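There are 2 protein chains.
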Amino acid sequence: MITKEEALLKVEPKQLDQLLHPNFDADSLKNAKVVATGLAASPGAATGRIYFTAEDVMAAKENGVQDILLVRLETSPEDIEGMNIAHGILTIRGGMTSHAAVVARGMGTCCVSGCGVLKIDEEAKVLTLPDGRELHEGDYMSLDGSTGNVYAEEVKTVEPIIEGDFDTFMGWADEARKLKVRTNADTPRDAKQARTFGAEGIGLCRTEHMFFEEERIFNFRRMITAETLEAREEALEKILPYQRDDFEQLFKAMEGYGVNIRFLDPPLHEFLPHTDEEIKPLAESLGMTFEALKARVESLKEFNPMMGHRGCRLAVTYPEIAAMQTRAVIEAAINVNKEGLSVEPEIMIPLIGDTKELKFVKNVVVETADKIIAEAGVELNYKVGTMIEIPRAALTADKIAEDAEFFSFGTNDLTQMTYGFSRDDAAKFLSDYYSKQIFESDPFAKVDQEGVGQLMKIAVEKGRQTRPDIKLGICGEHGGEASSVEFCHRLGLTYVSCSPFRVPLARLAAAQAAVKEEMGIE
Amino acid sequence: MITKEEALLKVEPKQLDQLLHPNFDADSLKNAKVVATGLAASPGAATGRIYFTAEDVMAAKENGVQDILLVRLETSPEDIEGMNIAHGILTIRGGMTSHAAVVARGMGTCCVSGCGVLKIDEEAKVLTLPDGRELHEGDYMSLDGSTGNVYAEEVKTVEPIIEGDFDTFMGWADEARKLKVRTNADTPRDAKQARTFGAEGIGLCRTEHMFFEEERIFNFRRMITAETLEAREEALEKILPYQRDDFEQLFKAMEGYGVNIRFLDPPLHEFLPHTDEEIKPLAESLGMTFEALKARVESLKEFNPMMGHRGCRLAVTYPEIAAMQTRAVIEAAINVNKEGLSVEPEIMIPLIGDTKELKFVKNVVVETADKIIAEAGVELNYKVGTMIEIPRAALTADKIAEDAEFFSFGTNDLTQMTYGFSRDDAAKFLSDYYSKQIFESDPFAKVDQEGVGQLMKIAVEKGRQTRPDIKLGICGEHGGEASSVEFCHRLGLTYVSCSPFRVPLARLAAAQAAVKEEMGIE
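Chains A and B are the protein sequences, given in the same order. Every position in the first sequence, counted from 1, becomes a number in our numbering once 49 is added. Every position in the second sequence, counted from 1, becomes a number in our numbering once 49 is added.
This is chain A alone, in the form it adopts within the complex (with noise of 0.2 Å):
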C-alpha cells in the first residue's frame, strides 16, 4: 500500500500525455523504418494515406478514404478544416509554436512538424525522402507526434486503454495541486473539450483565429484596407457580432469559470495575401485597384515581422480594433449573464513593454466598457491586465502593476526576445547547439529558468510590490510541460494554461510539484 502522495509521483507527468492519445502497435513498430525525424509537436500516432492540401483531404474523405494524413510545407489558417479532419499533420518547416503545431495540439492531433530533410513539391504533390524516394498523394505514411519520427509506410495504431481508475488518480491530483489549471482556448469546441479533462477556465483566447472564416476574413480585410477612420469603423462594425457570439459561447462552454481574452495580436499583414495572383481577386472584391491593394500590402511588409507591428502597437495605432473588441466582449458577458451566468471577463492586452503603453490601452477599454455597462444598467465587473512576454515588461513590472489587474507570461515570446531568437528560424541553427552540447533542452519546449526564469521572478517579485494582490498566470506552451509548471509552482503564479489536451498533464505536475513541496524534495 502507498499513500496518495507516492502515487501522484509515481506517474511520470508525460505518460498522461500518451494516455490521451493513439499510440503504435509493438509489434507493427518493431519492423517500421523510421525515415526523418522532425520536431515533435503534438503527441500521438498517426497513420495513413498522405494528401497536400487541405482541399485534397476533404475530398479524399468525401470518397470514404479512412486514415488521412495531411502533408504540407507549412499550414495556415486556410487549413483548419483539412486539419480538422487530418489523423496526423506532417509540415517541412516551423517550429514548436508553428501554425501547425499550436493547432494540432489544441485539436489533440498528431503533428510533427519542421521535418525539414523532407523535400516537398507541393504543386506536383511530391514527397522526397532522405534517399531520394518519392512518394505521391494516397501513398501511406505514419507519423509519430510523441518523439518527431516519420515512416514511409503504414504502422498500425491502437487506441489508450486506461488503465484503474483514472478519474480517481486526477481527483487526488486535484486535492494535492495548489496551481490553477486553465487552459488555452479559441473556439468553443476546444474550450468543451478542456472542461472534460478538467480545465478551470481559458487562460489564453486568441482572438485572431476568430477572424479566419470566409465572411470575416472579408470584412477583418476591410478594415485593414480601410483608408479612413470611418471605414475602418464601419468593417469593425461588421465583425463585432460574430466576436461577441464567439464571446458568447465560450463563457457558455466555461460555466462560470474565468475567461481570459487577449486582444489582437498578430501583424497586420498576416491578414492579406502576398502573390499577385491572390492580391487580384481580393482587390476586386474590396472594390479596390489592384494596384492600390498591392501598395498597402507592401507598406505593411516587416523586416521582422515578430519585431514589428503587432500587439498593444495596433491598439495605439488603431484604438478602434480594442473599442471593438472590448465592446464584443462586454455586451457577450452582459448578454450571457442575463441568462444566469455570472461572467467577469478579463481582458489581456498584449506585448506591452511600457506602462504608458498599457494605460493608454486601458484608457479605450474602461471608457467603452463602462459606457456600455451604464448604457445596459447591470453590474458588471471586469479586469484588465497585460501579457508579460517583452523583457522590458518584466523590468518594470511594479510600474506595469499599478494599471495592470493580473499579469500572464507569454513564455513564448518572452522565450524569443530574452534569447534574442525567433522560434522559426532557431530550429535550424539550435540543432547544432544540440549536438555540441550547448543546450541540453530546447527553451521553447521546457522555461529557461535561468535566463527566462530570472526575468518571471523579477516580474513576480515587482509586480507583487505595487499589488500584493495580483494574479498571476502563464499561457505560453510551457504551461503544459512538466518542469515548467514545477517552476511556476515554485514562483507561486495562480495559474498555468495550456492547451485542452495537456490539461491532465498539467493537474498533474502542478499536483507533483506541491507534494514535493511539501515532502522538502528538490
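Take the hints with a grain of salt, since some may be wrong.
List of simulated lysine-lysine pairs, DSS-like, C-alpha gap at most 25 Å [what the hints assert, rightly or not]:
no., chain 1, residue 1, chain 2, residue 2
1, B, K350, A, K350
2, A, K63, A, K53
3, B, K506, A, K343
4, A, K448, B, K350
5, A, K350, B, K506
Partial list, computed: chain A residues near chain B (C-beta under 10 Å) [said to hold, decoys possible]:
no., residue
6, A332
7, L444
8, T445
Output of the computed footprint for chain A on chain B, the stretches with three or more beta carbons under 8 Å from beta carbons of chain A [as the list claims (entries may be wrong)]:
no., segment
9, 377-389
10, 432-441
11, 477-486
12, 543-555
These aren't lab readings, by the way, just hints derived from the structure by calculation. In this text, all values refer to a predicted model and were calculated from it rather than measured experimentally. Each residue gets a CB set at the ideal place from its N, CA and C atoms; glycine is no exception.
Since the structure of chain A is provided, determine the placement of chain B on it from the hints.
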C-alpha cells in the same frame, strides 16, 4: 572669468556635432519650404542635384556636377562608392541604424533616412512629394541631417567656422573626463579620421564590412555556398589575406591604441542576391546551377533575420569562419608588432546569450591563436570578450564573465530585444508613440535607462562580481549621444565608442558627466 569646469558645462555637446559639419545659410533657409521630414540620421546640411543610383552619382561627378545628393529607397553595401561621393544621402526606408545611416555617420556625410512620406520609383527615377509634385534626376533638393528636414529646392550651405581655441577646449574636456572615448571604424580611413578627432582606440570593427569589395564578396559567396567543409575552408583561405591586411592597416592607423574586432555578425543570406536576375550570373561565376544556388538562397531565408542565424550562432555552425578570422587578427598583430608597434588585439564574439556559446567559440579562437603564436615564436597578448546585446547575456553576466575578458554593450540590439521591436520596423509605428505621448524620445537614439539601462546595470554588477577588473565598453549608436554617455559614466564603464565624427561630442559629454558628478549636479 569662468573656470574650466564652468566652460565645459556651457557648451551643448550637440553643438560640437554641428560644428564639424556644414550648415544652411540662415538667409537662404528663411525662404525655403520643408516638403517632408525623415529621421535625422547623420548631422550636417547638404544641397545638390539628386541621383537615384550610386552609378549615376559617380557619372555625374565625372561629368563635372558639383553638388550631388544620392536618393534611394534604401542603400546597400554596393552603393558605398556613390555614398562616398555624394554630399548628402536621402533614403525612403530604414531607421537610425540602417545601412545608410550608419555608413553616413561613419563618413561624416549628411543623411536623412526613413523619409517614408516620399514615394520613390527607382527604375523610372522619379521621386514624388506628398503634394504630388515629381522630382527627377538632376533636380535640386536640400537635406538637413540634424533635423531630418527635406527641401525640394536649393538652400545654400556654409562651412562651419570654429571660433576660439577648439583644441584648448577639448584639452580641458580630456583632463576632466574619466571615460575613454573610442570609435566604431571598419576602414583605415575611418580610423585615421577618428584619430584626428581624438579617438583612443577602436571600440567596434565590424568585420563584415570588409567583405564587400568585388573580389572579396565573390570568395565570401563561394564560402557561403560551399557544400563541404573542404570547399568552405578553401574559400576562407582566399579571404584570409584581405582580412589580415585590413587588420594590419587598422592597427597601424590606431598607433598602438586598442583595437576591438567583432567577428562576423550578420546572417549569411545578407551576402547573397535574392532575385532570379541576380542569381543567374552569380551561379554561373560560382560554377553552380541556377537551381542549386536558388535553393541555397531559399534555404537561408529567415522569417526574422534579426533573430536568426547570425552572430556567434554562425561560429557554432561554422567554426572554420571564426578560425580564419582569428588567424587574420593574430597574424596581422604579429606582423605589425615586428615593425615596432605593440598591439594587443581584442577579439569580440557577438550575440552571446549563454556562457556555453562563448566557451565553444572561445575554444576555437584560443586554440587557433595560441598555435600561430607558438609557431611564430613570439610573445603576443590578446583578449577575448563578448558583446552584451542579448537580454539573457546581461541576466547571466556573472557566468559569462568567467570566459569574457571584456564586455561591450551592443545597445542597438539590446534595445531591440528588450523592447521586442526591430529598429527597421519600429520607425513606422513609433510616430504614433510620440504623437500620443507614450514615448518621449527614440530609445535607439537615447539609452532607455529604465529598461535597457537596468539590464546594463545588472550586467555590470554581475560581471564585476566574477571579474572585478573586467573592461566595460559600449559600442552601440548610443556611445555618441550625450545623455547616454553620462549614463555610461555613472555605470562606471571603461569607455564609450562612437562613429568618428561623434568622437568630440563624446569627449565633451564624458567630461561634463565627470564635472557634474564632482560638483554634485544631478
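Here's how the hints hold up against the structure:
no., hint, in the structure
1, B:K350 to A:K350, "holds (15 Å)"
2, A:K63 to A:K53, "holds (19 Å)"
3, B:K506 to A:K343, "violated (46 Å)"
4, A:K448 to B:K350, "violated (39 Å)"
5, A:K350 to B:K506, "violated (35 Å)"
6, A332, "violated (19 Å)"
7, L444, "holds (5 Å)"
8, T445, "holds (6 Å)"
9, 377-389, "violated (count 0)"
10, 432-441, "holds (count 4)"
11, 477-486, "holds (count 6)"
12, 543-555, "violated (count 0)"
Checked against the numbered hints given earlier, the structure breaks hints 3, 4, 5, 6, 9, 12 and satisfies all the rest.
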